[in-house]
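Participant: Take a look at the letters that make up each chain.
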Amino acid sequence: MSTAHPFLPPEGEGAPKGRKGDVRSSPVYPSCIASVAPSPFRRFAPPSPSGGRKRLALAVTLLALAAAPALAVDPDEMLADRALEARARAISAEVRCVVCQNQSIDDSNAEIARDMRRAIRERLTKGDSDAQVTAFLRARYGDYVLLKPPFDIRTWLMWLGGPLVLVLAGFALWRGARRTAAQRTGASAAVELSAEERARVDSLLGEDPEARR
Amino acid sequence: MSNRWLYVLPLLMLVIMAGFFAYALTQNRNPADIGAPLVGHKAPQVDLPPLHEGGARLATADWQGKVTVVNFFASWCAPCLVEHPLFLRMKGEGVRLHGVNYRNKPEEAKAWLARLGDPYERIGTDQDGKAGVEFGISGVPETFVIDKAGIVRLHLRRPLTPDDVNNGILPLLRELSK
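Which chain is which? The protein sequence lines are G and H, in order.
If you're matching positions, the first sequence starts at 1 in this note's numbering and goes up one per residue.
If you're matching positions, the second sequence starts at 1 in this note's numbering and goes up one per residue.
If you are wondering where the hints come from, they were derived from the structure by calculation, not from laboratory data.
Here the structure is a predicted model, which means the values were calculated and not measured.
Some hints could be false.
Below, in silico cross-link-like pairs of lysine-lysine (DSS-like), each with a Cα-Cα straight-line distance of 30 Å or less [claimed, not checked]:
{"id": "1", "chain 1": "H", "residue 1": "K178", "chain 2": "H", "residue 2": "K110"}
{"id": "2", "chain 1": "H", "residue 1": "K66", "chain 2": "H", "residue 2": "K91"}
{"id": "3", "chain 1": "H", "residue 1": "K42", "chain 2": "G", "residue 2": "K126"}
{"id": "4", "chain 1": "H", "residue 1": "K110", "chain 2": "H", "residue 2": "K91"}
{"id": "5", "chain 1": "H", "residue 1": "K130", "chain 2": "G", "residue 2": "K126"}
{"id": "6", "chain 1": "H", "residue 1": "K66", "chain 2": "H", "residue 2": "K178"}
{"id": "7", "chain 1": "G", "residue 1": "K148", "chain 2": "H", "residue 2": "K130"}
{"id": "8", "chain 1": "H", "residue 1": "K130", "chain 2": "H", "residue 2": "K91"}
{"id": "9", "chain 1": "H", "residue 1": "K130", "chain 2": "H", "residue 2": "K110"}
{"id": "10", "chain 1": "H", "residue 1": "K130", "chain 2": "H", "residue 2": "K105"}
{"id": "11", "chain 1": "G", "residue 1": "K148", "chain 2": "H", "residue 2": "K42"}
{"id": "12", "chain 1": "H", "residue 1": "K130", "chain 2": "H", "residue 2": "K66"}
So here's chain G without its partners, still in its complex pose (with noise of 0.2 Å):
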């Protein structure tokens, strides 16, 4: 979604409409599961002479199932080196969408975001590094494009702060633990009667303590 920025060119402005690489609203794909789906009445049918063309149905469909859904990434801006494709998959997906809240530029069809992916495989190509890319856009958009923000002196509590509260806590509960343990020895050693204690108890309630042996 494209939603922050209220000043970005109309839809068709500058380039091509429409999305070629959504795959979700191709029409093949329902009709594929249906072909292989098991029918009620396969039993009592005759042995099927197209069972060559079943198989490359359920080819078809497994292909389908096992294609990553088409995000905001259109065919045609895809490097045809596939390792620098990946690598610009990789990098854009770490990267913040500057007009939407909270988007990748890898999930943004936003304008600016195709144009941000496009200047990501364009370095590539040129033979940049994965570091290098990143500090080009981080040179022009600041920290606000990573999605992922570097660990420096003003986000060392963000990324510290919640191991730092289960560390107290593990202590605190360490302390507890042991402090109980301490009181349950304390009281067990108290409940233990002396001789003297023992042979008073005895006394008192008229027990004979050779019976009670």
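Here the structure of chain G is known, so what remains is to put chain H in place on it, guided by the hints.
Facilitator: Chain H in isolation, oriented as in the chain G frame:
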């Protein structure tokens, strides 16, 4: 002793949370603010074809040696229309002004400028938004002030107001031109 601490814990958490909320509500911070990381750095290298036939290309060399204002605009952008009179005024005050026509059909941009007046010394066209990413813009209008050495001194990610021009850009240009 441990139990007494447990009684204070909810109150402590409340205080911490109230502190967070007070900070978030009272600080005048905008989480959608990208900031202007290019300020203090060299203006990006671009070389853009002219909007007008026979016009000169807009390139990095055009802001070497003289203080320059570069404005990204488009005819489809309503805030650009609002800030346009301010650029005409700046031109009248002798400011060197370059325009980048962002993602705009040339004939529409030309008609728009013919109707409203053309304050720009040179206009480069950025049909596919490449120069936009080079300059780190997130939309139009955005305005840059570049000094004699080609360093970005100001980057506004919004339409200019008369106050920006009077108390921001014009004093800055005077200071940089010294």
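Participant: Indicate, hint by hint, whether the structure satisfies it.
Facilitator: Now for the hints, and whether the structure bears them out:
1. Between K178 of chain H and K110 of chain H the CA atoms are separated by roughly 35 Å; this puts the pair beyond 30 Å, and the hint is violated.
2. Proposed proximity of K66 of chain H and K91 of chain H is supported: the alpha carbons are some 15 Å apart, at most 30 Å.
3. Straight-line distance between C-alpha atoms of K42 of chain H and K126 of chain G comes to about 21 Å, which keeps the hinted pair within the 30 Å bound.
4. A hinted pair counts as satisfied when its Cα atoms are at most 30 Å apart, and K110 of chain H with K91 of chain H qualifies at roughly 18 Å.
5. The suggested pairing of K130 of chain H with K126 of chain G holds, with an alpha-carbon distance near 15 Å, which does not exceed 30 Å.
6. For the hint pairing K66 of chain H with K178 of chain H, the CA-to-CA distance comes to about 11 Å; that is within 30 Å, so the pair holds.
7. A distance of roughly 25 Å separates the Cα atoms of K148 of chain G and K130 of chain H; the hinted pair therefore holds under the 30 Å criterion.
8. At most 30 Å may separate the alpha-carbon atoms for a hinted pair to count; K130 of chain H and K91 of chain H meet this at roughly 27 Å.
9. Using a Cα cut-off of 30 Å, the hinted pair K130 of chain H and K110 of chain H holds, with the two alpha carbons roughly 20 Å apart.
10. For the hint pairing K130 of chain H with K105 of chain H, the CA-to-CA distance comes to about 15 Å; that is within 30 Å, so the pair holds.
11. Of the pairs offered as hints, the one joining K148 of chain G and K42 of chain H holds, with about 26 Å between alpha carbons and a cut-off of 30 Å not exceeded.
12. Note on K130 of chain H and K66 of chain H: the hinted pairing holds, with a Cα-Cα distance of about 25 Å set against a maximum of 30 Å.
Checked against the numbered hints above, the structure breaks only hint 1 and satisfies the rest.
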